[in-house]
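Asker: Chain by chain, the residues:
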Amino acid sequence: MKRTRLTQLMVLGVAMFSGAMLRAMAPEGQGAAAAPEQKKARVERGAYLVGMMGCNDCHTPWKLGPQGPEPDMTKALTGHPQDMVMPPPPPPSGPWLWHGGATNTAFAGPWGVSFTANLTPDPETGLGKWTEDMFIATMRTARHQGKGRPILPPMPVKMIGKANDEDLKSIFAYLQSLAPVKNRVPAPVDPPEAK
Amino acid sequence: MNRKLRAATIGLALVWVGALHAAVRSVEQEPCAPALLSETGLYEASRPGAIARGVRQFSPQYPLWSDGAAKARWVYLPAGTTIDTTNHADWVFPVGTKFWKEFTFNGRKVETRLIWRATEDRWIFATYAWNEEQTDAVLAPFDGITGAAELSGGKRHNIPGQIDCQACHGTKRPGPLGFNALQLSTDRDPDAIHGEPLAPGMMTAADLEREHRFSPSRPELIAAPPRIHANSPRTRAVLGYLAANCGTCHNPAGETSFTGPSLKHSDILDGDDVVARMLQYATSWQVPGQPEGATRMLNALEPDASAILARMRSRRPSSQMPPLGTVLRDEKAIAAIEQWIATDLVKR
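For the protein sequence lines, the chains are F and U, in the order given. Taken in order, the first sequence gives residues 1 to 195; the numbers are from this note's numbering. Taken in order, the second sequence gives residues 1001 to 1348; the numbers are from this note's numbering.
The hints are simulated quantities; they were obtained by calculation from the structure and are not laboratory data. C-beta: ideal position from N, C-alpha, C; glycine also. Fair warning: there could be bad hints in the mix.
As the list claims (entries may be wrong) - 30 Å max Cα-Cα, derived BS3-like pairs, lysine-lysine: (1) Lys-1109/U <-> Lys-1155/U; (2) Lys-1172/U <-> Lys-162/F; (3) Lys-182/F <-> Lys-39/F; (4) Lys-63/F <-> Lys-158/F; (5) Lys-158/F <-> Lys-40/F; (6) Lys-1071/U <-> Lys-1347/U; (7) Lys-129/F <-> Lys-1172/U; (8) Lys-162/F <-> Lys-39/F; (9) Lys-40/F <-> Lys-182/F; (10) Lys-1172/U <-> Lys-1101/U; (11) Lys-1071/U <-> Lys-1155/U; (12) Lys-39/F <-> Lys-158/F; (13) Lys-1101/U <-> Lys-1071/U; (14) Lys-1332/U <-> Lys-40/F; (15) Lys-1172/U <-> Lys-158/F; (16) Lys-63/F <-> Lys-182/F; (17) Lys-39/F <-> Lys-1172/U; (18) Lys-1155/U <-> Lys-158/F.
As the list claims (entries may be wrong) - Pairwise CB distance ranges, derived in the manner of DEER restraints: (19) Thr-1186/U <-> Met-52/F: 55 to 61 Å; (20) Trp-96/F <-> Asp-1273/U: 21 to 27 Å; (21) Ala-1070/U <-> Pro-110/F: 30 to 36 Å; (22) Glu-1132/U <-> Asp-133/F: 37 to 43 Å; (23) Ala-1294/U <-> Met-84/F: 19 to 25 Å.
As the list claims (entries may be wrong) - Covered stretches of chain F (chain U as the covering partner; in silico rule of three or more C-beta atoms under 8 Å from a C-beta of chain U): (24) 133-141; (25) 149-163; (26) 185-192.
Whenever a hint applies, use it, and build me the whole structure from the sequences.
Answerer: Written out as structure tokens, the structure reads:
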């Protein structure tokens, strides 16, 4: 009786171990779309990562609050406001190489002028037509949708690109869970071409 | 513990040791790019520099602009294998297929790129930097090599990194970009911009069909080789150029959210229809100085307001097209497209 139970326990142990191994060896994202629980977990982790990594510092326009400048969370992650047309930046002066707008969504430097993107899932002006693959490719390659123009400073894309796939999927899941906001961010402005 | 139980325990342990050993071996045997170009199979082992038997040279009729590099290209298809042409627009190559492309600037070989379908689910991209003696080339580092050769205007050629390879060749369905029915057609465009002569022995789509390298077979590639049908030779040549230089990304399956007219090699054969759609397509990117929403992909009345020309003329990172793989403007192509707009398109 004792031996039979020992054998059963061993078989159960091997089966559990095999199951765990197979699960660990399965490629990420294989099979059906992420289950609802997984999606929920990703959105929650994405919210944590976006909050912790400072995405709002630049992708949410700042306003002057009672304690000084602060992100205007009514426009969370909508990028540079489309109705805020920036004048030409002042020329670099001495060690002051780059400039930032008051909203912290427009930046000028040797790369030209860059504007932070609308990260909400608006299909025309945000990430509504992006896929998870495009988002991951953008972070990994530091190029728009993984193929286009370089992602410009001050976006810390090289750092974010070191995140693992699961974290990037979580960030994307959270961004896609936001309410879409129509805000057409201007295209970057080139610096003068070197002669 | 009795004998049976001990035997069972030892048996299970052996099974797991075996599984672990197999897993380690599979990792150890994972194919990777060889350290030297001479080890990739391009050359005969016994005769350095001589192209190996079974490796065939080819020449796409519409070459990709690579800052004026002289290029040579080869393909190796394992014996007895076929290219799956079920989807004629996206050929699927057999495991073991290799492509090489050699870049020469100012008479010196600078780099040779390798694309190798190593397994069912893995393509290997590698690039090899030629040594000073021009006797062999060494696998370039993951991030490539900046400034590997001098170009004109103080600019330098960069050997791409692995991530740049993926940016152009894709991650979902990676593969070669200049090896398809149109590029290998025997109905070659005599006006192709930067067109190269088809030298004797170079492989064509008709050769592949004759050699039973297509599954299913594609007899139409011999009977009616593909060509871009257009109302003028200039339109044909320009669309061929755009297919080679833009169509990889600018198509619905190009791994981007691009929604404009497809410039993929298989989608531009009805050339006049494609041009009509390009004239109508409003781009999200605006030509500097144009009011928001006014920019079209092509503008027949105001050529300088055409997004295509503006972006081809730029070599500034945020607006240049193509966005990578080139640091010099393609002046010949820009002039050809300017002339095409001024002559062919204004008549529309």
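Asker: Next step is simple, just say for each hint if it's right about the structure.
Answerer: To see whether the hints hold, each was checked on the structure:
1. Straight-line distance between C-alpha atoms of Lys-1109/U and Lys-1155/U comes to about 17 Å, which keeps the hinted pair within the 30 Å bound.
2. Note on Lys-1172/U and Lys-162/F: the hinted pairing holds, with a Cα-Cα distance of about 20 Å set against a maximum of 30 Å.
3. Under the criterion of a C-alpha separation no larger than 30 Å, the hint pairing Lys-182/F with Lys-39/F is consistent with the structure, at around 25 Å.
4. Proximity of Lys-63/F to Lys-158/F is assessed by CA-CA distance (about 28 Å); at most 30 Å being required, the pair is judged to hold.
5. Of the supplied pair hints, the one linking Lys-158/F and Lys-40/F holds, its CA atoms being roughly 27 Å apart against a limit of 30 Å.
6. A hinted pair counts as satisfied when its Cα atoms are at most 30 Å apart, and Lys-1071/U with Lys-1347/U does not qualify at roughly 37 Å.
7. The straight-line distance between the Cα atoms of Lys-129/F and Lys-1172/U is roughly 17 Å, inside the 30 Å bound, and the hint therefore holds.
8. As the CA atoms of Lys-162/F and Lys-39/F are separated by approximately 22 Å, the hinted pair is consistent with the 30 Å bound.
9. For the hint linking Lys-40/F to Lys-182/F, the alpha-carbon distance of about 25 Å falls within 30 Å, and the restraint holds.
10. Distance hint between Lys-1172/U and Lys-1101/U is fulfilled; the C-alpha atoms sit about 22 Å from each other, no more than 30 Å.
11. Between the alpha carbons of Lys-1071/U and Lys-1155/U the distance comes to roughly 19 Å, so the proposed pair stays at or under 30 Å and holds.
12. The suggested pairing of Lys-39/F with Lys-158/F holds, with an alpha-carbon distance near 26 Å, which does not exceed 30 Å.
13. The straight-line distance between the Cα atoms of Lys-1101/U and Lys-1071/U is roughly 7 Å, inside the 30 Å bound, and the hint therefore holds.
14. Note on Lys-1332/U and Lys-40/F: the hinted pairing is violated, with a Cα-Cα distance of about 54 Å set against a maximum of 30 Å.
15. Straight-line distance between C-alpha atoms of Lys-1172/U and Lys-158/F comes to about 22 Å, which keeps the hinted pair within the 30 Å bound.
16. Straight-line distance between C-alpha atoms of Lys-63/F and Lys-182/F comes to about 19 Å, which keeps the hinted pair within the 30 Å bound.
17. Restraint check: the Cα-Cα separation between Lys-39/F and Lys-1172/U comes to about 23 Å, which is no more than 30 Å; the hinted pair holds.
18. Restraint check for Lys-1155/U and Lys-158/F: the C-alpha separation of about 25 Å stays at or below 30 Å, so the hint holds.
19. In this structure the supplied range 55 to 61 Å holds for Thr-1186/U paired with Met-52/F, their Cβ-Cβ distance being about 59 Å.
20. Evaluation of the 21 to 27 Å hint for Trp-96/F and Asp-1273/U yields a failure: the beta carbon distance comes to about 53 Å.
21. A beta carbon spacing of about 34 Å between Ala-1070/U and Pro-110/F agrees with the range 30 to 36 Å that was offered as a hint.
22. Judged by the Cβ atoms, the range 37 to 43 Å given for Glu-1132/U and Asp-133/F holds: they are separated by roughly 41 Å.
23. Under the hint 19 to 25 Å, the C-beta atoms of Ala-1294/U and Met-84/F, about 21 Å apart, fit the expected range.
24. Proximity of the stretch 133-141 of chain F to chain U, defined as three or more residues with a beta carbon under 8 Å from a beta carbon of that chain, is established by the 5 residues found.
25. Residues of the stretch 149-163 of chain F lying with their CB closer than 8 Å to a CB of chain U number 3, which satisfies the three-residue condition for coverage.
26. Counting residues of the stretch 185-192 of chain F whose beta-carbon sits less than 8 Å from any beta-carbon of chain U gives 5, enough to reach three: the coverage restraint holds.
In this structure, the earlier hints numbered 6, 14 and 20 are contradicted, and the remaining ones agree with it.
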